[in-house]
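Those sequence lines, one after another, are chains R, G and Z.
Using our numbering, you'd call the opening residue of the first sequence number 1 and step up by one each time.
Using our numbering, you'd call the opening residue of the second sequence number 1 and step up by one each time.
Using our numbering, you'd call the opening residue of the third sequence number 1 and step up by one each time.
A hint or two may mislead.
[Said to hold, decoys possible] The list that follows gives simulated cross-link-like pairs (lysine-lysine, DSS-like), each with its CA atoms no further than 25 Å apart:
1. K77/R x K65/G
2. K61/R x K140/R
3. K125/R x K65/G
4. K125/R x K140/R
5. K77/R x K61/R
In case anyone wonders, no lab produced these hints; they're calculated from the structure.
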Amino acid sequence: MLGNRIEVRNLGKAYSRRPLFADISLTIPDQTALVVHGPNGSGKTTFLHLLCGLIPSTTGKVDVYLHGRALSPGERKRALGLVSPDLRLYDDLTAAENLAFFSAVRGLAYSADEARGVLERVGLKVRGHELLRTFSAGMKQRMKYACALWHRPHILLLDEPTSNLDAAGVALVWDIVEQQRSRGIVVIATNEREELRYGDQTLVFA
Amino acid sequence: MIWQVALGVWMAAVIVASFFYIPAIAGFGATGETARLIVYHVPTAWVAVLAFLMATVQSIRYLQKRDLNLDRRALVNAELGMVFCVLATVTGAIWSRAAWGMYWNWDPRQTSIAILLMIYAAYFILRGALSDAELRARLSAVYAVLAFLTVPFLVFVVPRVFPSLHPNLGGVEERVSIMSREVLVVFLASIAGFTAIYAWAYRLQVRVLALHDRLTRERGA
Amino acid sequence: METKPSSLLRRALAVLQKDMQVEFRCRYAYSAQVVFAVTTLIAVSFSMGGRLADPDVAASMLWVILFFSSMTGLSRSFAQEEETGTILALRLAADPEPVLLGKYLFNAALLLSLTALIVPLFLVLAGVTVAHPLGFLAIVFLGALGLVGGGTIIAAIAARAAVKGALMTVLSFPIVIPLLISAINGTRLTLGGEAARGVLPDLWFLFFYNGIIVAASFLLFEHIWD
Chain R
1 MLGNRIEVRN
11 LGKAYSRRPL
21 FADISLTIPD
31 QTALVVHGPN
41 GSGKTTFLHL
51 LCGLIPSTTG
61 KVDVYLHGRA
71 LSPGERKRAL
81 GLVSPDLRLY
91 DDLTAAENLA
101 FFSAVRGLAY
111 SADEARGVLE
121 RVGLKVRGHE
131 LLRTFSAGMK
141 QRMKYACALW
151 HRPHILLLDE
161 PTSNLDAAGV
171 ALVWDIVEQQ
181 RSRGIVVIAT
191 NEREELRYGD
201 QTLVFA
Chain G
1 MIWQVALGVW
11 MAAVIVASFF
21 YIPAIAGFGA
31 TGETARLIVY
41 HVPTAWVAVL
51 AFLMATVQSI
61 RYLQKRDLNL
71 DRRALVNAEL
81 GMVFCVLATV
91 TGAIWSRAAW
101 GMYWNWDPRQ
111 TSIAILLMIY
121 AAYFILRGAL
131 SDAELRARLS
141 AVYAVLAFLT
151 VPFLVFVVPR
161 VFPSLHPNLG
171 GVEERVSIMS
181 REVLVVFLAS
191 IAGFTAIYAW
201 AYRLQVRVLA
211 LHDRLTRERG
221 A
Chain Z
1 METKPSSLLR
11 RALAVLQKDM
21 QVEFRCRYAY
31 SAQVVFAVTT
41 LIAVSFSMGG
51 RLADPDVAAS
61 MLWVILFFSS
71 MTGLSRSFAQ
81 EEETGTILAL
91 RLAADPEPVL
101 LGKYLFNAAL
111 LLSLTALIVP
121 LFLVLAGVTV
131 AHPLGFLAIV
141 FLGALGLVGG
151 GTIIAAIAAR
161 AAVKGALMTV
171 LSFPIVIPLL
181 ISAINGTRLT
191 LGGEAARGVL
201 PDLWFLFFYN
211 GIIVAASFLL
221 FEHIWD
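With the sequences and hints as input, model every part of the structure.
This is the structure in structure tokens:
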């Protein structure tokens, strides 16, 4: 749908004296995936944060359109799903409680059945009532997917999507990516060369 | 250039007048000579408050526009305000000691100027703790507005509470009403002069900081 | 599922519930402030002895203890989100208003429960009698709520600075001084037994202070949260 897209215009970010990147312009159309590739510290995560609207840009702007309308910064944050290494969930709550909280704070209805469904999708079916503190890194990564997918966002942002995951987890991720791509937008940031093939567009950071 | 010279002459005249033109006022200490401090203490306090008001205005404008130039202006106002606030506090303490025997008695005016000093200090401590320019501008602007909103409460609560906590210090409020014509003239001239100094320093410092920022940006690119 | 417009209160209660759940499981904030308050109370009572029975002295000491205890407790709700890194997920999922309201309610529960514990203990140790119990309770309640109001927004600012130490106290003190002066005065009057009407100005003052600080917090918080 033409009404759903992300537009990036002359985007640049600099920290104090250190410029990270400058003058990035592109459009991410609906039902496509963008892969952002580059070594550590090149600005991939910053780029994703700028897309979310979590940090202000130094130059340029990002606009997210849904159903033809540009979203306000607050709406934009709410409309995305993010999986990222610096995203942390509540260790002192169980998996189900985390989902219940994020659901309630978004103003969404929560049902235990639906929670079970999402947890099953990410392979955490039997872990619903265990504290996140007891989860391994891989399980926490799967949990991040559960939280990112709960509100069925139109746009999914994945920063190092397969980190900490075993082979089954990696397969799950690409399944999720395919599913999301068929009905929305995916942006993936990675430093793995072989993950480049998942993108319809590529953005390379030097 | 002519204005700066004129200001210099003006303030020199004010200083001279404060010693030779103003008569000693009875009631201020043993000889009444300490009344001269009114020419220095009240104007600096006035500028300290004015600077705080301006800093708050710039802070509100920053939150609306997110233009870092406005943050720079707020910062300069705070810097100048702090300097004048220190001057006001010190001159007030000296005056209090010379006229009434003790440096500090927490009367409503002293309490207010001390709290203003604490607000300025807190503002700078907050700024010092933040390294990201945008975050620093945003949070210090919020703090300035918050502080500004609670200051009027002081005006209402301290004079009401003070007499019951310090019953022996009744007379400190009357000093400003005994101004003869000579004193009034020099006093008003001093207020005008100090305000002009503040405005001049403000403009200079804003330009200095702007140039410094530009230089840093150009060097880094 | 669709996004139903859910009331501010319901979303705020979600934040409150979450904070309560986390707090019950590790009890950081409550323990810290209770330990601080009790230790300070014991130290004050021991060193001041009988002088604490004087309403003037008792009023000041009570609010000194409550103020500094609140600094330990009220900073937790925001600082913890920053320290554990959950602030990112929260910023993405939640609008600023429910977060502020939820945290305010959490802090209110925290400080009011501490006050309910410390005030009776204080009265017993100080040996001071309360001449006007109703007025005293009203002053203490409104004063504590005022500390919550000022403390919550300042905690939000201080947490973003990611600097440990006394930043919270340094920032809070100038904001909260008018509240403290009035609360101390009101406490002094209700302990000492002046005419009941004498405490009305302080009650009004505390009421308006609470109103202004809460209103200002709601207006300013989105600039901190963004």
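How the hints compare with the structure:
Annotation: proposed proximity of K77/R to K65/G holds, straight-line Cα distance about 21 Å (limit 25 Å). Distance hint between K61/R and K140/R is unfulfilled; the C-alpha atoms sit about 32 Å from each other, more than 25 Å. For the proposed pair K125/R and K65/G, the alpha carbon gap of about 48 Å is over 25 Å, so the pair is violated. The suggested pairing of K125/R with K140/R holds, with an alpha-carbon distance near 13 Å, which does not exceed 25 Å.
A distance of roughly 15 Å separates the Cα atoms of K77/R and K61/R; the hinted pair therefore holds under the 25 Å criterion.
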